[in-house]
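Q: Here is how the chains run, residue by residue.
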Amino acid sequence: MTNEENTLTPSSVLSPKDFDSGFDVRWCPGCGDYAILANLKRVLPTLGIPKEKFVVVSGIGCSSRFPYYLDTYGMHTIHGRAPTIATGLKCSRPDLSVWVVTGDGDGLSIGGNHLMHAIRRNVDIKILLFNNQIYGLTKGQYSPTTKQSKRTKSSPTGSIDYPVNPISWALGAEATFIARTIFQYPDHMQQVLRRAAEHRGVSFVEIYQNCVIFNDGAFRYATDKEMRYDNIFELEHGNPMKFGRDQEKGIFLHGLTPKVINYKQAGFDETDLLHHDENAQESTLAFFLSRMRYPEFPEPIGIFRAIQKPTYNDLLDNQMEEAKQAVTKPLQEIINGEENWTVT
Amino acid sequence: MTNEENTLTPSSVLSPKDFDSGFDVRWCPGCGDYAILANLKRVLPTLGIPKEKFVVVSGIGCSSRFPYYLDTYGMHTIHGRAPTIATGLKCSRPDLSVWVVTGDGDGLSIGGNHLMHAIRRNVDIKILLFNNQIYGLTKGQYSPTTKQSKRTKSSPTGSIDYPVNPISWALGAEATFIARTIFQYPDHMQQVLRRAAEHRGVSFVEIYQNCVIFNDGAFRYATDKEMRYDNIFELEHGNPMKFGRDQEKGIFLHGLTPKVINYKQAGFDETDLLHHDENAQESTLAFFLSRMRYPEFPEPIGIFRAIQKPTYNDLLDNQMEEAKQAVTKPLQEIINGEENWTVT
Amino acid sequence: MEEVQKLKKEDKNRPRKSKQTVERVVIRLAGDSGDGMQLAGLKFTSASVMLGNDVSTFPDYPAEIRAPQGTLAGVSGFQIHFSSTEIYTPGDRLDTLVAMNPAALKVNIVDLKPNGILICDKDSFTPRTLAKAGYASNPLEDNSLHNYRLFSVNITKLNKETVSKIKGMTGKQINLTRNFFALGLISWLYDRPLHTTIKWIKSKFKNRPNIVEANTNTLKAGYYFGETNEFLAIQYSVPKATMEPGLYRYISGTQALALGLATAAHLAKKELFFGAYPITPASDILHELVRLRGYGIKTFQAEDEIAAIGSIIGAAFGGSIGVTGTSGPGLALMSEALGLAVITELPIVLINVQRAGPSTGMPTKPEQSDLLQVLFGRNGESPLPVLAPQSPGDCFDLSIEAVRMAIKYMTPVVLLSDAYLANNIDPWKIPNLDNKSPIEVFHPKKSVESGNDRFTPYTRNEHLSRPYVLPGTKGLEHRIGGLEKEKITGDVSYDPLNHEEMVNLREQKIAGIVKDLPLQEINGPTEGDVLVLSWGSTHGAAHTASENLRKEGLSVANTNLRFINPLPSNLGDILGSFTRILLPEMNKGQLHLIIQARYSVRAKSMTKVQGKPFHVDEIEKEIRKLIAGINHD
Amino acid sequence: MEEVQKLKKEDKNRPRKSKQTVERVVIRLAGDSGDGMQLAGLKFTSASVMLGNDVSTFPDYPAEIRAPQGTLAGVSGFQIHFSSTEIYTPGDRLDTLVAMNPAALKVNIVDLKPNGILICDKDSFTPRTLAKAGYASNPLEDNSLHNYRLFSVNITKLNKETVSKIKGMTGKQINLTRNFFALGLISWLYDRPLHTTIKWIKSKFKNRPNIVEANTNTLKAGYYFGETNEFLAIQYSVPKATMEPGLYRYISGTQALALGLATAAHLAKKELFFGAYPITPASDILHELVRLRGYGIKTFQAEDEIAAIGSIIGAAFGGSIGVTGTSGPGLALMSEALGLAVITELPIVLINVQRAGPSTGMPTKPEQSDLLQVLFGRNGESPLPVLAPQSPGDCFDLSIEAVRMAIKYMTPVVLLSDAYLANNIDPWKIPNLDNKSPIEVFHPKKSVESGNDRFTPYTRNEHLSRPYVLPGTKGLEHRIGGLEKEKITGDVSYDPLNHEEMVNLREQKIAGIVKDLPLQEINGPTEGDVLVLSWGSTHGAAHTASENLRKEGLSVANTNLRFINPLPSNLGDILGSFTRILLPEMNKGQLHLIIQARYSVRAKSMTKVQGKPFHVDEIEKEIRKLIAGINHD
Ligand SMILES: Cc1ncc(C[n+]2csc(CCOP(=O)(O)OP(=O)(O)O)c2C)c(N)n1
Ligand SMILES: Cc1ncc(C[n+]2csc(CCOP(=O)(O)OP(=O)(O)O)c2C)c(N)n1
Ligand code: SF4
Ligand code: SF4
Ligand SMILES: [Mg+2]
Ligand SMILES: [Mg+2]
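Note that the protein sequences, when read in sequence, are chains A, B, C and D. Just so we're aligned: the first sequence equals residues 1 to 344 in the working numbering. Just so we're aligned: the second sequence equals residues 1 to 344 in the working numbering. Just so we're aligned: the third sequence equals residues 1 to 633 in the working numbering. Just so we're aligned: the fourth sequence equals residues 1 to 633 in the working numbering.
Keep in mind the hints are simulated off the structure, nothing from the lab. Every residue gets a Cβ at the ideal spot worked out from N, C-alpha and C, and that includes glycine. Among the hints, erroneous ones may be present.
Chain C regions said to be covered by chain A (calculated; three or more residues, Cβ under 8 Å) [unchecked claim]: (1) 67–78; (2) 279–293; (3) 296–306.
Here chain A stands alone, though its shape is the one from the complex:
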């Protein structure tokens, strides 16, 4: 199923512009999705993968309009089902680089089960969840990530649903690569997207995205120039966890709970701080980090977890290969069956 004659394009010649589909982009002016599109367009050409090998599969939602705006192969499918289609595609065509773009509604409300199973199987697909904590396309109902008490079209007196934490949830589903980034952090986002692309196995990336129309400012604490230093910190493999305008605050491990201390004032050393290990085989550290949420804690962004496990599609191909090796008879003989007889 590979098209080898097509894989020879030197990827070095690709630029973001090559990924422009020429379609009119139909998001609201100011929508956070624009930034994500721009960043992905920067990352894709740098991956050394020919353009025609990319396929972007999405569900339904504002975010899911994404494929139309990228000049790759693409499929805008039905609500919540993109992971199933991506799974079938990747399993049948492991040579392709398959991306899923989904929203908090598409991916976690109607599509939570498929996302969970694609993650659990470690299918080698890249999942980008645009989390704006709202249903954009259907004009502003609360989603599974909407903060409790939020007034929306469908919760005029405040939502009573407890939100789900996408990172904790993905860890419960045994993701091998998990990251979080923010629509207004271009460099960070590009770095995360590149790492997601390079990971062999499922990549789950939560991207905070601002819906200017129905949930404006949901992530202001994380994007505002004044506030972000106190509310966000970047995870860096092997490095201590610290934040604050002067990187003066640090995360300490207190049993199984985090503790934030102005470690410089308190006379601690960087080495006393909790250090990040994205390769930790067990997911407990990543889970621990996922529980740190604004406003109680600063929120970690970056790569929570990146471990290696054989991918589902590789395992499947191995079995296919073994099965082919084990074949001793042509199909005709299989059709003939073990017991047959001749009528003359």
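We have chain A already, so just place chains B, C and D with the ligands on it with the hints.
A: What follows is chains B, C and D with the ligands alone, placed relative to chain A:
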């Protein structure tokens, strides 16, 4: 919607026999489901709830035949959807005690999303997941909890799916009550079921169950008289975690990973061991415990987590009450609308 | 402001204007989706209604949330048909079009009648906006609009002059009042008073006096501009319609559904549990109902449509009125669970607001193409009643009947609305709740006589319905489920003859509903050349077309199906009394298939699958063709 | 053993037995599900087939995995129809019934012909087992079976005597060989050789010599018992049938589907991606295919049916042959995604193995009640081809045709099988792969001429199919999806006329498949009194009934539809050539609805909704009635 005249039966007169529906039980001889049925029949009469207030809702699977065998109200619904029906029922009838019986296939394969959302919302329903790591009713295909490499009808050369860990998964879905028990531990099971029943909010109970026909012995490490001491330990709130034939081995916290040490030999004290706190507000401890799996670690059974949060149905009823309080006009006036005119 | 002031001063030498009375008028206000056309349309409607006109309106939003300003995709329109006679549709072609920018002109001009009035905001036809709309040259100047009576007005400028001096008005706010200038202008053109709108402005912005002032002033400025300018020579007026006496309001299909459901809860003295997952164009039902919680409506936003229908099945089992609302793709997802409701015989109501398919299709556009899905889109033999309201007001009535039917017959009921009905706004004679008969519900309790006899949840009453026993009822504990059940005990049964009997019983139960249905009525002669058979929202156009041609002396009648399963008992006779049957549908002939299968008459299928309702004249044309055909026979 | 020995010794004074030749025989072996009846039945079938009989069989498993031993729910049966003439069904009534316990007797006796042979294992009729089966007294002794030729044989005891002395046989193992004793006995009764079975035993248990010995000995003991005992006076033989020359095997519908799909992959030179979620009675397709992975079949067990169809849509987009298999409830769940495949025009094949509904219904029992769901169970206008194999062997042919059609027309195709076809085992003339025409697939590459022109994924070829471009093809990058698309570019389009045109194009494309279909053939005269119109698995009974009555001189023909959408072009003419049409279906008249809608003939619907296929005599009776009706006209 309450039937107050019916709530007066003194529950003290109820016995397990009262819960016998008289139906022929149709599980295979030796099936682990029998034990679960027997234990639940013991627990229900002791809860102080009139029999007619119980409703058991199930999906499809061997396990999901459960409601037929209990003389309560019951509904054997469709594959994977029991949590949705239970949610609607509980929200419309908070006076009922609503139980969901599901299997690893019903609950975690097709039904994973609904289970996740019922859990996330903290609907006050009791979910019993009979985990036999196989599809029983459809005659032996692997399920989302089947161990990798297992040969089944649909994986004759070994399953390549990575299994999901139901407890980690339920934690990712923010369950307020999570427990695990084993079909061959009657006392333990009864205790767990009773606690699940008493919890106000969603209760998620994983029950290891042996399918004698298609997955016999999957839990032998946990039920065999010789092996169980080394492979299983009971969680007790406030108590140290230890196990072994002589309770000689203990669990230590090593950063964020567990360490098993023969603490008596090593000269430690019980107080040095990790102590269980089922009420820990954050779920990290419970998650940590859920990662301990046979054969690397002994597996914890009992109550991983039990915290209090307002239930979805209570929050909903509060909003209903507020809305009713806020009503100032009769329905007719609402129908009349704000702008109207008379034609004469 | 200066220009307006100037005009006012010149009051005495105002241009002579003539007044003309017309029977009915269709206008459309169109602009960018940020231009407030919907609001202006609604206010014009209110004024018309207050004047005593019969009115029918249709808003047309862009598919995108906020398409880029000035693009074709971002055009928003609001159409109003107002009349001194009874009307049933928002009208085919426009007498007047107001276009606030080039894109609005481009999208809407096709619908303007030749020689129709075209009012454009000249100021917004700039090189940039023209390019965005894909105009090579300015149509206001290149004579391409010579077929219309074009009035290029400096709306932006005039509005700005009017409001910019009001304290605290930002540039953005100033621009937002343009719609009221336009509204004032056409209010003059069609002789509508301003006071209802002014009253509304005052109450809406009661804490923002500068906004009140701005909107009021520009509304008046627009009106005076109409009165005083030179171009608009004729003022039209549409007299009062003679309508049935009573209290009226205007209402959309969605609002009517919501109020109907609240009324059903009231009539049944039961809580209504509405579980739904948002989907265009059904989400608004949820938005309406969540505000009616005080009236015993519990709303639940589910994680998907399967959960939505699951939740209402659970609620129905618990004794609430279980209702959900969705559209095509959601309905497809509900198929399996709908079958569970059929076999467990639990009363739920599913409202399907049809939109153009297949698949995601054109989500904001109406179509009637889910009929066969609703009838047959489930595994096994699983019949259920299907109702189709014919107008916004009928949504109220049929939602009540759907609930009544579900409970009486212990069955899921489907109500088929569509994107057109949902948004269409009509005047509605407000019903008096005291005149509505209660919805009777009987929940058995264990009787003393029954003693220790085992309760049999599948014994049936005279309507073939099984008892509606609530969990919590002592002594009547029982289990239901999706496996076939023994016909009395409800136990699981694989008995072949029992299965056949149950399949038949379920079928007969639904077929038996026919006894409760009103006989199908005909508009027009009871026999003749052509009968137009319509269903659901196609009613308006079919009715108007048949009435129009009857006025011309043609032998045409029409009848509209509100009950599609079961079909009314006299339908066969009616069909047999006409030489030709015309069956217009917004699909490829779905009801046609059913009619052909059930009756031996041959009907002519007329289809329109454009995401738009039928025009009256399209149906008239088909009728004429059929009559010509008969005459040639 | 003693008793057997004794019998053997008395060889010389063996009772005189007569031999009788019969044309065809129907037998059923019935016992507890642990009794090995399926195996015994299969071995009897093999022997019959080797003798040159035409054979048709039907296994009937209990719904439960392991129902409690000895209960009615636990009864397992295997029916074999073997004949010296061509046959098409496993037979209506039984000539011989073997009942291994009281429950098996109770469940199956209704099907035994009056005066039929009834062999019971006397030893298993104990007070306990009788009570379990609900017998108040022992039917073997209370004369209630006087209508049958009852042979009570000590099967348990005789078997035990035969095998208990073999080294290492446990009590449980001893009991497990009873089925071979019974098999031996009826092998004698119907003059079947034992060697095929003995060969099979040897290879099956090659590492367990004691089991080989036990099974072989008891098989022979049963045979000798038949030969030597006093009761069975007549040995029947069924001569060779004259069948088309060739290499034969026997095959179930499920096996044939799996092999057909493997063949399709081979003919298309493509990998086949089978994504499915287990569901009775379709799971076995997955079980068969996973063993054919070496032949280019990639199997994927999805988390549910929605994921299953999603995965094959993805695989089809990638260029694999995407196939799924499911049953009613799963099909319902696939509705929405099937619509996506329709609008994206991707080639997939969905096999629906129908079972009794609605909802969970009776999952192990056949029905034909998903036809309308398959045709219409999607939102919007979403036509797709529907094929229905008529026999196990036809499952092979039509699965290949389904793949061919899907690819040629870029469309999802549905293949409607049922629980009966899936398990029914028939002899099958093995096709030679070299004679099958290849499945042609064309994946465009960017041509030099096309230069920088934008690729248009919705341009159509002469079959109205769009190009099948694979991701990875340089320069042809494009996007597809569920929104309506512009007819050439595939861009999202809300244009009303474009939508209508696309709806029409999709419809015409499917309708156009008719040109590839074989003309519908008639068995019997091409005109006459009665035509039996059947579809799918009802073929066998309809065909046999019509043939039987034709032999009697009645004017009856039959025709079986294998292509239901589109319908063969000459069907209308065929229907018009008969005075009466009889349309038997295992549902409430679903094809009947379509036929009535599409053709002006009036057909008589004959329905059976019992989770069981039609009996030949039931159809014969209806035909006779129709003919009597004609004669009364
Ligand atoms: C089956 C189905 N149900 C419902 C919808 C309506 N729908 C479309 S998008 C959407 C939610 C989108 O939310 P999210 O995924 O967060 O995307 P966003 O618009 O916020 O980017 C819903 C409910 C649909 N298209 N299909
Ligand atoms: C929609 C649908 N798909 C598939 C099935 C078939 N099915 C019934 S039960 C089952 C799996 C049951 O597994 P589990 O929940 O683990 O229950 P167990 O039998 O092991 O107790 C499946 C796939 C079904 N009934 N409905
Ligand atoms: S509604 Fe929100 S998410 Fe959707 S395009 Fe607009 S701003 Fe973006
Ligand atoms: S198949 Fe397994 S799970 Fe099902 S009843 Fe039998 S033993 Fe129990
Ligand atoms: Mg969102
Ligand atoms: Mg299981």
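Q: Tell me, in ascending order, the numbers of any earlier hints that this structure violates.
A: Result: no hint breaks.
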